[in-house]
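Number of protein chains: 2
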Amino acid sequence: MRIAIDAMGGDNAPDAIVSGALEAGQLLDDCDRLILVGPAKEIEPRISAAKSKKASVAVIDAPEVIGMDEPPVESLRKKVKSSIAVLSKLAKRDQADAVISAGNTGACVAAFQMRMRNLPGVNRPGIAVVFPTFEGPVTICDVGANIACKPINLYQYAVMAGIYAHHMLAVNNPRVGLMSIGQEDAKGNEMVKRTRDLLKADSDMNFVGNIEGRDIFKGVCDVAICDGFVGNVILKLTEGLVNGLFKAIKHELMTEKLRLAMKFKPVMTRIYKKYDYNEYGGALLLGLNGTALICHGTSQSRTIKNAILAAKKFHMAKINDKIIEYLSKSSSYIVHNSQDKPLKNSQNHGRAFDDKSR
Amino acid sequence: MRIAIDAMGGDNAPDAIVSGALEAGQLLDDCDRLILVGPAKEIEPRISAAKSKKASVAVIDAPEVIGMDEPPVESLRKKVKSSIAVLSKLAKRDQADAVISAGNTGACVAAFQMRMRNLPGVNRPGIAVVFPTFEGPVTICDVGANIACKPINLYQYAVMAGIYAHHMLAVNNPRVGLMSIGQEDAKGNEMVKRTRDLLKADSDMNFVGNIEGRDIFKGVCDVAICDGFVGNVILKLTEGLVNGLFKAIKHELMTEKLRLAMKFKPVMTRIYKKYDYNEYGGALLLGLNGTALICHGTSQSRTIKNAILAAKKFHMAKINDKIIEYLSKSSSYIVHNSQDKPLKNSQNHGRAFDDKSR
Numbered sequence: 038m039r040i041a042i043d044a045m046g047g048d049n050a051p052d053a054i055v056s057g058a059l060e061a062g063q064l065l066d067d068c069d070r071l072i073l074v075g076p077a078k079e080i081e082p083r084i085s086a087a088k089s090k091k092a093s094v095a096v097i098d099a100p101e102v103i104g105m106d107e108p109p110v111e112s113l114r115k116k117v118k119s120s121i122a123v124l125s126k127l128a129k130r131d132q133a134d135a136v137i138s139a140g141n142t143g144a145c146v147a148a149f150q151m152r153m154r155n156l157p158g159v160n161r162p163g164i165a166v167v168f169p170t171f172e173g174p175v176t177i178c179d180v181g182a183n184i185a186c187k188p189i190n191l192y193q194y195a196v197m198a199g200i201y202a203h204h205m206l207a208v209n210n211p212r213v214g215l216m217s218i219g220q221e222d223a224k225g226n227e228m229v230k231r232t233r234d235l236l237k238a239d240s241d242m243n244f245v246g247n248i249e250g251r252d253i254f255k256g257v258c259d260v261a262i263c264d265g266f267v268g269n270v271i272l273k274l275t276e277g278l279v280n281g282l283f284k285a286i287k288h289e290l291m292t293e294k295l296r297l298a299m300k301f302k303p304v305m306t307r308i309y310k311k312y313d314y315n316e317y318g319g320a321l322l323l324g325l326n327g328t329a330l331i332c333h334g335t336s337q338s339r340t341i342k343n344a345i346l347a348a349k350k351f352h353m354a355k356i357n358d359k360i361i362e363y364l365s366k367s368s369s370y371i372v373h374n375s376q377d378k379p380l381k382n383s384q385n386h387g388r389a390f391d392d393k394s395r
Numbered sequence: 038m039r040i041a042i043d044a045m046g047g048d049n050a051p052d053a054i055v056s057g058a059l060e061a062g063q064l065l066d067d068c069d070r071l072i073l074v075g076p077a078k079e080i081e082p083r084i085s086a087a088k089s090k091k092a093s094v095a096v097i098d099a100p101e102v103i104g105m106d107e108p109p110v111e112s113l114r115k116k117v118k119s120s121i122a123v124l125s126k127l128a129k130r131d132q133a134d135a136v137i138s139a140g141n142t143g144a145c146v147a148a149f150q151m152r153m154r155n156l157p158g159v160n161r162p163g164i165a166v167v168f169p170t171f172e173g174p175v176t177i178c179d180v181g182a183n184i185a186c187k188p189i190n191l192y193q194y195a196v197m198a199g200i201y202a203h204h205m206l207a208v209n210n211p212r213v214g215l216m217s218i219g220q221e222d223a224k225g226n227e228m229v230k231r232t233r234d235l236l237k238a239d240s241d242m243n244f245v246g247n248i249e250g251r252d253i254f255k256g257v258c259d260v261a262i263c264d265g266f267v268g269n270v271i272l273k274l275t276e277g278l279v280n281g282l283f284k285a286i287k288h289e290l291m292t293e294k295l296r297l298a299m300k301f302k303p304v305m306t307r308i309y310k311k312y313d314y315n316e317y318g319g320a321l322l323l324g325l326n327g328t329a330l331i332c333h334g335t336s337q338s339r340t341i342k343n344a345i346l347a348a349k350k351f352h353m354a355k356i357n358d359k360i361i362e363y364l365s366k367s368s369s370y371i372v373h374n375s376q377d378k379p380l381k382n383s384q385n386h387g388r389a390f391d392d393k394s395r
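Line order of the protein sequences matches chains A and B. Converting from the first sequence to the numbering used here requires adding 37 to each position, the first position being numbered 1. Converting from the second sequence to the numbering used here requires adding 37 to each position, the first position being numbered 1.
Read the hints as simulated data drawn from the structure, not as lab findings. It is possible that some hints are incorrect.
Because identical chains share one entry, a pair is satisfied inside a single copy or across any pair of copies.
[Said to hold, decoys possible] The list that follows gives simulated cross-link-like pairs (lysine-lysine, BS3-like), each with its CA atoms no further than 25 Å apart:
hint : residue 1 : residue 2
1    : Lys116    : Lys126
2    : Lys310    : Lys287
3    : Lys284    : Lys255
4    : Lys116    : Lys78
5    : Lys311    : Lys284
6    : Lys359    : Lys300
7    : Lys311    : Lys349
8    : Lys78     : Lys126
9    : Lys126    : Lys355
10   : Lys300    : Lys311
11   : Lys237    : Lys129
12   : Lys359    : Lys349
13   : Lys366    : Lys230
14   : Lys287    : Lys302
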């Protein structure tokens, strides 16, 4: 298969990207082809410098770069020769089977959505990330592609993330939880309540009901569904909290004897490795008619290598075909149940502690 | 002042509550009075058993108990002699200057809102919690009272939480951040954008703009504002993640030599203590015409003691008067700016990565 990678995406580009691609190349099959997209004059010398490679690596010139903080849509329009713009066109023209970028997330989502279009039956794509927890991996969708979700979007995220967890993470019959503010059925806003009705109506879905923030780490579900605003807060909060806590532990250790601090270092390194998102490579943009992975801006070569392997696994497992098949079967009663009514946004419809007596 | 405490609230009631009240009693003034509300036959023997006390402790009989998982409104209506119902009536009849409960949060919010009413100028109360972070305490509001926020609610949370941080945590000119999915102005949904306009329009507010989930732990703001759904997810996610991470560390240590594990225990205990929410006692329900604290269901006697001291500090600092004064001054231009338009809930108005070019 042909995997195109944004060579200029992220804080460590292009070095980490090129290295990661070459590392992955060692592990791919002879028939696979990697395409690095970015300024040829920057990338080609780096490839030549590296010696060992198995899979062939091609370079497609894209002299412009979209910065991490540039406004997505505007920069895409202005920089038609940027690596992200070129990447999305490769996917559109069927010149790449998968695209990967650690660049500006907003620009990636906008470009990939615009060029690759949605899978049949999918209304809006969602970004799925895997949280490595003590109780096993939890797939969370959406973490930022769609901040104005409708119940039907959330239902589709449950379907897609469930199929993803089954085929990518080998989770049998994944338990799906719906993010809310209490486990009881009556808790949550109108969108949560209507999404719950859709999920319950699907007898093929292993729906375990509402979950709360703390449940992600308690092993009660394999898939957690939320709108992109909440998911994005969850993703970044987790990152900030883990970093903050490790900083606090380091600070406390510094007040101890150096020998003790040194002895504890390998323990912390083990934990960091075990729960390291870099192992999962990147976040799948589920629901696109193709394979698109978005990596963290701080991606290292190892992250890129794993993202390339994940893209191959996703493509080879024909996950998109399975999503189309599932949604085509479930569509009749789901469409009937969703009825796409507008969500009310009045205070009366969002009491935090509503109950059945109301 | 008179502080009424729900003796039956939380997992460790009534023992932890009675002990906490008696501990606080030692630290209060002679003129202060504590009122324990709950089944007299359960509480009185526990008070008699304890010897030393300075402040007087009264008991008001409330034979019924609302369970932690009972539906709030329905149980309040059925159990008129429950500790939470009696507590809220004491506040209403001006028989208590402050109320505290570690019981069913939903029932507390419903009862206190219904009986105590809002402060003049406040549309909806919000729950404020203090996150002890490595960079200092961060006050987050709302964490679950109001899951269908309007921009004016969020603006008022910023005002109230700012005054709270200034007077309760001695933070000078608190920096207020608005929870969103990116720091740039263009990021966020329509509610975030309209709230930002209100916050910017207030020249007395030290508004630092949008923040992301990770920023809570990075020292960029002293106050973080969000709707009750997002805030509740943040609160519970943080709790779950911290517990999960400590569990993982413990697990890793167990694979080490016992001596090393034992040496590390005091370090972890220090960290746990330093970032322990029990130190802050409980969460203030800001915007009520009175003083109401809601404590965590797992509250220990220390938590209750600290909650009683926090209630006294809040009351004595006349924070509610300061909120009324601030809002009465800001009301003219804020009302002009907010105009209470209904929020649109269409996909076009909530693109995650919208930018100015649209």
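To see whether the hints hold, each was checked on the structure:
In the homo-oligomer, the alpha carbons of lysine 116 and lysine 126 lie at most 25 Å apart inside one protomer (13 Å), although the nearest pairing across protomers, at 65 Å, exceeds that limit. For the homomeric pair lysine 310 and lysine 287, the shortest alpha-carbon distances inside one copy (16 Å) and between copies (16 Å) are both at most 25 Å. With identical chains, the CA atoms of lysine 284 and lysine 255 are at most 25 Å apart both within one copy (24 Å) and between copies (11 Å). Taking the closest pair of Cα atoms, lysine 116 and lysine 78 come within 25 Å of each other only inside a single copy of the chain (18 Å); across copies the shortest separation is 76 Å, beyond that limit.
Taking the shortest alpha-carbon separations for lysine 311 and lysine 284, both the intra-copy value of 18 Å and the inter-copy value of 13 Å come in at or below 25 Å. In this homomeric assembly, lysine 359 and lysine 300 never come within 25 Å of each other (Cα to Cα): the closest approach is 48 Å inside a single copy and 52 Å across copies. Proximity of lysine 311 to lysine 349 under the C-alpha cut-off of 25 Å is restricted to the intra-copy arrangement: shortest distance 23 Å within a copy versus 46 Å between copies. Taking the shortest Cα distances, lysine 78 and lysine 126 sit within 25 Å of each other inside one copy (21 Å), while across copies they are farther apart (76 Å).
Only within a single protomer do lysine 126 and lysine 355 lie at most 25 Å apart by alpha-carbon distance; the minimum there is 22 Å, versus 62 Å between protomers. Taking the closest pair of Cα atoms, lysine 300 and lysine 311 come within 25 Å of each other both inside a single copy (18 Å) and across two copies (23 Å). Neither within a single protomer nor between protomers do lysine 237 and lysine 129 lie at most 25 Å apart by alpha-carbon distance, with minima of 36 Å and 42 Å respectively. Taking the shortest Cα distances, lysine 359 and lysine 349 sit within 25 Å of each other inside one copy (16 Å), while across copies they are farther apart (60 Å).
Proximity of lysine 366 and lysine 230 under a CA criterion of 25 Å is satisfied intra-copy only: 23 Å inside one chain copy versus 39 Å between copies. In this assembly of identical chains, lysine 287 and lysine 302 lie within 25 Å of each other by CA distance both inside one copy and across copies; the values are 9 Å within and 14 Å between.
When the structure is compared with the earlier hints, violations turn up for hints 6, 11 and for no others.
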